[in-house]
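Visitor: Work out the full structure: start from the sequences and follow the hints.
Per our numbering, the sequence shown runs over residues 62 to 372.
The set of hints was computed from the structure by calculation and includes no laboratory data. Heads up, some of the hints might be wrong.
[Stated by the list, open to error] Straight line, CA to CA, 25 angstroms or less: simulated PhoX-like cross-link-like pairs of lysine-lysine: (1) K153 x K195; (2) K153 x K129; (3) K327 x K269.
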Amino acid sequence: MEPIMGSVSQFFQPPLYWQQFEELCVGLLTETYDVPNAQQVGRPGQAQSGVDIYGRSARFGMIGIQCKRLAELDENNNPFPGGPINRAFLRKEANAALAFQPDLRLWILATTVRRDTRVQAWVDELNDEWDRAKRDRIAIVWTWDECISALNNYPRLQRDYYRDVIGVRAPADLDEIILQTFAMAFQRPAFEIPLHCESPTEFLDALKDTQRAVRTGELVDRESRHVIRKAIGGYRELSDVSARETLGEIDRCLRRLRSALEQGLKDGTIQRTSGYLDIRDRSLADYLETLRECCVDDMSRVLVRAGLPPI
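Guide: See below:
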C-alpha cells in the first residue's frame with residue numbers, strides 16, 4: 062500500500078510485550094518493503110542467526126530483521142524507551158546474521174529505543190566494513206521513531222497495529238488497558254496496610270510511583286525500578302470523560318497526600334519510630350487516612366463502571 066504523506070503525525074506507545082513488537086515488525090516489513098511473504102523465524106523470541114523475521118522483496122532481495130525490545134535503566138535510573146543499544150551489541154547481532162540462510166541483502170535491527178546518532182554512526186561504520194569486504198549487504202536500524210513514521214504513513218498498518226497487535230478495537234479498549242495499569246498501581250501495600258505499619262520512605266515512594274502511573278501510564282517495580290507495565294498513556298488519554306475527570310481528582314488527591322506526609326516529616330508531627338510512621342497528631346492521621354481511602358474508593362468506582370474488578 063502506498064504511504065499517505067503530509068498528514069498530521071501522532072505518537073504511538075511501544076508495544077507492551079515482546080511478541081507484540083515482533084508482530085508489528087512483520088507488518089512493517091510487509092508495508093515498507095512490499096514483502097507479501099514476511100514471516101517470523103521459529104517461535105517469538107527465538108532468533109536464528111541474528112534474525113527474527115524475514116521475507117523477500119522484489120526490489121531489495123532477501124531482508125532479515127532482528128527485533129529487540131528490552132527494558133533497562135540508564136545511568137540516571139530512568140527506563141530506556143526500549144532498551145540500551147551499544148556498539149558491541151550491534152556488531153554481535155550483525156555478525157550472527159551473516160550465517161543466516163538464504164543470504165540477506167538487507168539486515169535490519171528493529172528496536173523500541175528512540176533515534177540515537179551514536180547508533181547510526183556505528184551502523185555506518187559497519188556498512189563501510191562490509192563494503193570493503195565486498196559483502197553485498199546493507200545494515201539499517203529501525204528505531205521507534207521510524208516505527209512511528211511508518212504507523213502514521215500506512216493507514217492499514219496503523220489499523221492492524223491497534224486491532225491485531227495490541228488488541229484495541231474501540232476507544233473503550235484503550236481505556237481498559239490504561240485502567241488496568243492504574244489498578245495494578247493501587248494493588249500495593251501502601252494502599253492496604255494500616256498507616257502505622259508503613260515505612261516513611263517506602264510509603265512516599267509508593268505514592269510517587271502511583272502518581273507516575275496515573276500521569277504517564279508507566280508502572281515501575283518497587284525493587285528493581287524497572288518499568289513492568291506501560292499503558293497507552295496517562296489518565297488524560299482516557300476517552301471516557303467521567304473517568305478522566307475522576308482520575309484527575311485522584312491525581313490531585315495523591316499530591317495532597319504526599320504533601321501532607323512530607324510536611325509532617327519536616328515539621329515533626331510525623332516521626333520515624335523503629336522504621337515506621339508515628340503520627341502524633343490524631344487529626345493529621347485521620348486526614349491522611351481519609352485521603353488514602355478516597356483515592357482507593359474513587360479508583361474502584363472508575364474500574365467498576367468500566368466493567369473491571371475494584372481494588
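Visitor: Please flag the earlier hints that this structure goes against, numbers listed from lowest up.
Guide: Hint check: nothing fails, all pass.
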